[in-house]
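These protein sequences, in sequence, are chains G and C. Numbered by our numbering, the letters in the first sequence go through residues 17 to 325 in order. Numbered by our numbering, the letters in the second sequence go through residues 11 to 287 in order.
In case anyone wonders, no lab produced these hints; they're calculated from the structure. Note that the structure is predicted; figures quoted are calculated from it, not measured. Misleading hints may appear alongside valid ones.
Stated by the list, open to error - Here are a few chain C residues that sit away from chain G, every Cβ distance over 12 Å (derived from the structure):
no., residue
1, V25
2, K36
3, I188
4, D219
5, S225
6, S252
7, R256
What the hints assert, rightly or not - Okay, the calculated bits of chain G under chain C, using three or more residues with CB under 8 Å as the criterion:
no., segment
8, 219-225
9, 231-239
10, 242-252
Note that beta-carbon positions come from the ideal geometry of N, C-alpha and C, so glycine has one too.
Chain by chain, the residues run as shown.
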Amino acid sequence: MTGNRPESKLFENSIPNTAEHNGSKTDKSTSAEVSQVRTPRSATVKPSRMSMAWSEAGWLLFAWLLIAALWELGAYTEVLNPRILPPPSETIPYLLQGPAPAGIGAQRTTFIGAILDTLSRVAIGYLLGIFAAMLVGALIVRYKALRRVCFPIVQTLAPVSPVAWIPFAIALVGIGSPAAIFVVFMAIFGSMTVSAVAAFDSVPEEMLKVGRSLGTSSTHMWTRVIIPAAAPDLMVMARMSFFAAWMAVLAGEMAGINSGLGYLIILGQQMYNMKLVMVGIITIGVLGFAIDRLLLLIQRRLLWWEYRR
Amino acid sequence: MTEMNGKKRRPTQVVFENVSKRFGEKQATKDVSLKVPGGSFTVIIGPSGCGKSTMLGLAAGLDEPSEGYVFVGGREVAGPTENVALLFQHYNLFPWLSACDNVAFAFRNRGMPRKEARRRAMELLANVGLGDYADKVPDELSGGMKQRVALVRAFAMQPGLLLMDEPFAALDHQTRRIMQNYLLMTWQATDATVIMVTHDLDEALYLADRLVLFSGSPGTISEVIDIDIPRPRKLDEDFLASIRQRLEAHLEKEVAYDEFTEAELAKVMGFASAGQA
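Isolated chain C (complex conformation) (with noise of 0.2 Å):
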């Protein structure tokens, strides 16, 4: 699968067809069909509770979808692979491991020997600034730390596809902006397919090639935008600020639907207009 020698492979292409997916009585999504192409960075966006990160637990193979079909790489999913790695907000670090018994745990999986495993560990900690961390344990480091290394975990197996349920949500505004950007190098390097469950309009502007606006409960796809700017991106830029626009007028309208009765709704409506006149 994993090609380690640099040999060129195929960049891992996703494709949803027609896919649904109940828990239960509750129905997640509904007949969402969606091509990811190979090696883009793909961010889906839209209110919670539509069905989002049910598309990532299906691409991942930690769930089954109840109707349609899901293909990572031209196979049907069957359960989980080495070639999908998962990346949560909650970094998911184990706490009983240091810094380099987290980014190794993969390897020894592999029954990788424990000092070949470390080692290589060792060198991929210090490619983002931790070197001096690895024998720190999860509660030891911050935030962003925690996060740099859950990133580096799950690039350790060169996995074809990561997908990653809105990562950075934790962090603090400037944490979130550099995690960004190690995001982008880190993932530029490799030909890794991305997709990004986020709530943050400026993340997804940033990051995105391709931007799917989920919607509704159950949940399906509005829209599909493609975002074909050179990166680093300036968020100011005529184009992205007028996507901007569109998505938040978009995000309002959804959230309305279960979370607040009309009353309570033109109430904070009429408090906002007034503020702005």
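Only chain G is shown next, with the shape it has when bound in the complex (with noise of 0.2 Å):
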């Protein structure tokens, strides 16, 4: 524990903004022995996180901005086609008007509309993807025969691409969401079973023992031992397969489930209206990432031990 010292005050000094991300107004040489007398780790582990996200917040932004600028540039010099890629002068404030609804008949669609549609068909199957994974990935390591033989079918089926489920789900349940959750269902359910499967199997062998000289009963065994265990593999996965759930949703939705985002920009292209391509994919990716930080936040929280160090 001492040895901690001199290596928490050394980070405090390279990380001169810490104290004012802190809020506090202390100066840097109360600081210092403030870390003294709490425990080194959290006295130094909280602050650099803050600060770290930060500075990786503002890298971001950095980036954006310079590509924005570049853009631009291009645009106004006319190295680039303007009616092909339309620069972020002409793009971002359509984007802040909300672009005008599109489409006609029942296939009309509202900008947030589109947003909101793709948004609650990822979720649903997405969050149905990792159950009915988990559930399923359970039941293969706890009986031998449904290892011999579903778990052949669930690895030939997990290679396949969602979009090749489209005619399937539309003949199935018709155009509109239930096509698409079904579909992003399909992206997920295969490979994450077999992670899940992955993921409980090398649970170590001694734990487990350890867990039953405790007496554990078996049903204890899942919630208590193989399951939080298993945890931070399951998260990475879990994390892995929103983009494959992202993608899926948005394929579909270009390939025939005429609402959502997805369709927005096969509208765009319709109509030959790039700035509402340009507009639906900025959107993808803004809420893609959204979605992900917001995983991650989860992950932080679900699995608080391993950020503890």
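Since each chain sits alone in its own frame, please combine them into the complex, following the hints.
Set out below in structure tokens:
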């Protein structure tokens, strides 16, 4: 423990902004004293993570401002064709005012409506897929017969592209949200089941033995030992699966399920409204990024013990 | 089973009767018979892969013997029970639980309310000087601290039998010494029977009432040595030193079997004897 002290001081000095982010007005010498009184770890980890998040956000903003500036310059000098790649100065205001309703008849859609459609589909399909995969994975690990019979089936289904399910989905439940949810589900179920099985299988044998010798019942073995032990692996796979789900819902919306953000892009193409296409792409990127960050936040909460070091 | 009210219970005796164990093709132990007196400290020592750990698995009820019988406390072993605790080299604390919740885990499995379980766990941790670390998760603790928590957790249910598989092998020399004394202190305050597997000769001589020497593959018992010397022991005592020499010779002979070719071995031995000359 004492070995950490010089290190923690060094750390604080190397990030002079730490105190500001914490909102405390202590000067450097007293904050070093404080870190010696408290346990060194909790004193240093929190502010450093905060300031890291800030600097990460700063760099993200900078990178995109740089691209936007180059783009604008390209359009201004007509190196880039503004009819095909509308510059940020046209796209951003168009985005902020909210693009006008597009499409005709039953397929008429608004920007917000498209976002809500896509988000609700991906949320339902994703949660169902994760839940079903964990359940089937657990059953496969628990019962040898299922491992022999069901696991090969799941393994063959896993590599099938989610878009390939679209004709089937539309024929089965028609055009609309249920088909999109089905496509999202199929996009993640196979791969997530395979990784759930791997995660449950890799719980150390000794940990299971200790659990049993501490009087854990077979139900509690799952809830109190196996699932928490596999949680870090499961969480990583769940985050990866989100990207697959996000791409699947958009591909589905483009390839026949005629509503949502994916369809908005197709409409933009059909009307040769490149600003609409651009707005669709930006929205997809920003939402996907935001949701991944949300999942990261959930990961930090769920796996709190991994972030205490 | 476990008497919590301080009533005297009979120490747990362990008996292996002509036990053989095969894992698929591999024969781990062959026709092993061993009596471990209740309340004693028995150490099993021998080369890698001679079925030492298999014996622990059988006594814990985690594996079934292919042939023969294993009795713990007069009853044939039928599965893991709370009367038998396990301790491994890799601590096996649950990383998602604080030190306190790790110790409280067994209490909770018994249906004890969370608050009560945590209070008792806190008491036990304070006994080994870890009161201030109760809310730390295992990753925040040093190796010695982790093993102390694991030791407290293993003793929490007042088991009649404690099975240890090289529990201190991952610790540095000094910490290992301290932990061995912790173990002796904790053990002497209970009536538990201990069976420990180790590679470390000094550890075996320092701790054991009875040394069981395993050899070969499949594993068989080649010698049982009773060490009737009061604790704490000094390892340079003549009797212990003489046993040590004998064991060392035995182990050297055993290791030669599978891991090295004869040519390699001759080369290494030649180098060693040149150094001594």
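Hints, one by one, checked against the model:
1. V25: Its Cβ never comes within 12 Å of chain G, the nearest being 20 Å, so this holds.
2. K36: holds (16 Å)
3. I188: Per Cβ check, I188(C) is outside 12 Å of chain G; nearest 17 Å; holds.
4. D219: About 23 Å separates D219(C) from the closest Cβ of chain G, which puts it past 12 Å; holds.
5. S225: Per Cβ check, S225(C) is outside 12 Å of chain G; nearest 25 Å; holds.
6. S252: holds (36 Å)
7. R256: Non-interface label on R256(C) holds, nearest chain G Cβ at 32 Å vs cutoff 12 Å.
8. 219-225: holds (count 4)
9. 231-239: holds (count 4)
10. 242-252: holds (count 3)
Checked against the numbered hints listed earlier, the structure breaks none of them; every hint is satisfied.
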